[in-house]
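Engineer: Residue numbers (our numbering), protein chains in the order written: chain A, 1 to 241; chain B, 1 to 241.
A couple of the hints might just be wrong.
Any copy will do: because identical chains look the same in the list, a pair fits if it lies in one copy or spans two.
[To be verified] Calculated lysine to any residue pairs in the SDA-like style (CA-CA distance at most 25 Å, straight line): (1) Lys72 / Arg238; (2) Lys11 / Asp50; (3) Lys11 / Arg193; (4) Lys38 / Arg103; (5) Lys87 / Ala75; (6) Lys11 / Asp99; (7) Lys122 / Asn143; (8) Lys38 / Leu169; (9) Lys11 / Ile73; (10) Lys122 / Ile73; (11) Lys72 / Glu7; (12) Lys72 / Leu6; (13) Lys38 / Asn102; (14) Lys72 / Asp83; (15) Lys122 / Asp74; (16) Lys11 / Arg148; (17) Lys87 / Pro58; (18) Lys11 / Lys72; (19) Lys72 / Ala178; (20) Lys11 / Asp96; (21) Lys38 / Val86.
Note that these hints are calculated values from the structure, not bench results.
Chain residues, written in single-letter form:
Number of protein chains: 2
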Amino acid sequence: MPSRRLEENVKALTFDVFGTVVDWRGSIIREVVAFGAKHGIDTDPAGFADAWRAGYRPAMQRVRTEALPWLKIDALHRLILDDLLVKYDMRGLAEDDIDHLNRVWHRLDPWPDAVSGLTRLKTRYIITTLSNGKFSLLIKISNRARLRWDCSLSAELFHHDKPDPETYLGTADLLGIAPSELMLVACHPDDLRAARAAGCRTAYVERLLELGPGHPPPRVEEGEFDVVASDFVQLADRLGA
Amino acid sequence: MPSRRLEENVKALTFDVFGTVVDWRGSIIREVVAFGAKHGIDTDPAGFADAWRAGYRPAMQRVRTEALPWLKIDALHRLILDDLLVKYDMRGLAEDDIDHLNRVWHRLDPWPDAVSGLTRLKTRYIITTLSNGKFSLLIKISNRARLRWDCSLSAELFHHDKPDPETYLGTADLLGIAPSELMLVACHPDDLRAARAAGCRTAYVERLLELGPGHPPPRVEEGEFDVVASDFVQLADRLGA
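Same shape as in the complex, but just chain A (with noise of 0.2 Å):
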């Protein structure tokens, strides 16, 4: 149980988003079932989920070391999208269908238990994103979820990606705040590690099905965060929120 001192002391929580409040795989999964049944495509959901997700570091990279014109996130998930397509052999769709299916990205579900939890911890602390994904994409996530941060910020605005300590450090500036008065809640261990090594305070939340059963628990050691929690609102429980 974390201290009473530790409520006082937090004044804002920032979230990891792709996993911790969103359900990605499960909400791509359940698109590309309905995608192949309408289509009379046999596909293979799960393994198309976790391929298009595998393929946008590689595609970053692709578009930063080949001088790609800058891209868009929509044709960055395009670009991933169009050699799965052909990998999955489902040919001769519609341009429509296929830009509709693209989009799956802005529609992410959160986790049953994120906008409940959210709304109960929004009532004591400020909360908002700190996620590797594009602002542009956060926004459209969120408009959609109906997740009401105090404001979104993405590791884009401080031209690092998280785990550099500049992610966490710019938030807590940003938001006018000691680094330990900023919490980072996340159901990744090693983001969760930079935070603390970074001065700032540590949820851990437990998103065990983040990429689908039979895949072990991440391993973390015994008090080495300040709360661990199965969902947000046992989150806002242990924060008093």
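Based on the hints, put chain B in the right spot on chain A.
Structural biologist: Coordinates of chain B only, in the frame set by chain A:
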């Protein structure tokens, strides 16, 4: 009347805040009146409000040129307030009371039409702030006043103040849209003219009482801006929201 085409092309509205969304002057006057009554001090609330606001830029300048240590926004407002307390002969006050008065900048009230207009506009457009005010202050004001932006943006993020084009272009870029898909909403014609010159759309909202009664309204040419509205509710009407 804007054309239907304008409504369809504009994807996001970005709002000037001080004057356009919040009635900074009226809010401060109300608090200074209450403060004076509580402490038995005869004040000049309107003069006090105007002097406090007018002191902001010189104080910022002083911090920069005298290489004062970087000041948080509350400390900057306090620097000005301490001078004003002497000037207005408001002496012998307790530190807690001065500190409370200083934080009136967190408690600025929106104009009466702001929340209802924004609620309607948000159903159709992404809505954000674009203020020269400090990011942390925008968050505090919006949180208290229940202004449900899709995101808060401050000129601070772009390392330029309005009316530099980097601020308008940077906003469009972060939102992943073209400048022509972004509309600035403001009560200050100069701000709007700069946004227009940067390729953005413009909505002039008349806040004729921003500076109190007796000030002539800003000079605006017929047809100079895409939309002219008396308040945010009329703006929602005009923009089909």
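Engineer: Does each hint fit the structure? Answer for all of them.
Structural biologist: Each hint, compared with the structure:
1. Lys72 / Arg238: neither (39 Å within a copy, 30 Å between copies)
2. Lys11 / Asp50: The answer is neither: 36 Å in one copy and 31 Å across copies each exceed 25 Å.
3. Lys11 / Arg193: within (20 Å within a copy, 38 Å between copies)
4. Lys38 / Arg103: within (17 Å within a copy, 57 Å between copies)
5. Lys87 / Ala75: Classified as within: same-chain Cα gap 18 Å, cross-chain 59 Å, threshold 25 Å.
6. Lys11 / Asp99: between (41 Å within a copy, 18 Å between copies)
7. Lys122 / Asn143: Both ways: Lys122 and Asn143 sit 16 Å apart in one copy and 9 Å across, limit 25 Å.
8. Lys38 / Leu169: For Lys38 and Leu169, the Cα distance exceeds 25 Å both inside one copy (47 Å) and across copies (41 Å).
9. Lys11 / Ile73: Close across copies (16 Å), not inside one copy (32 Å); limit 25 Å.
10. Lys122 / Ile73: This pair counts as between: shortest inter-copy Cα distance 22 Å, intra-copy 29 Å.
11. Lys72 / Glu7: between (39 Å within a copy, 23 Å between copies)
12. Lys72 / Leu6: Result: close only across copies, 23 Å inter versus 40 Å intra.
13. Lys38 / Asn102: within (16 Å within a copy, 61 Å between copies)
14. Lys72 / Asp83: within (17 Å within a copy, 49 Å between copies)
15. Lys122 / Asp74: between (30 Å within a copy, 22 Å between copies)
16. Lys11 / Arg148: Classified as both: same-chain Cα gap 17 Å, cross-chain 19 Å, threshold 25 Å.
17. Lys87 / Pro58: within (16 Å within a copy, 62 Å between copies)
18. Lys11 / Lys72: For Lys11 and Lys72, the Cα distance is within 25 Å only across copies (15 Å; inside one copy 34 Å).
19. Lys72 / Ala178: Intra 33 Å, inter 11 Å, cutoff 25 Å: inter-copy only.
20. Lys11 / Asp96: between (45 Å within a copy, 20 Å between copies)
21. Lys38 / Val86: This pair counts as within: shortest intra-copy Cα distance 18 Å, inter-copy 74 Å.
This entry does not satisfy hints 1, 2 and 8, going by the numbered hints stated previously.
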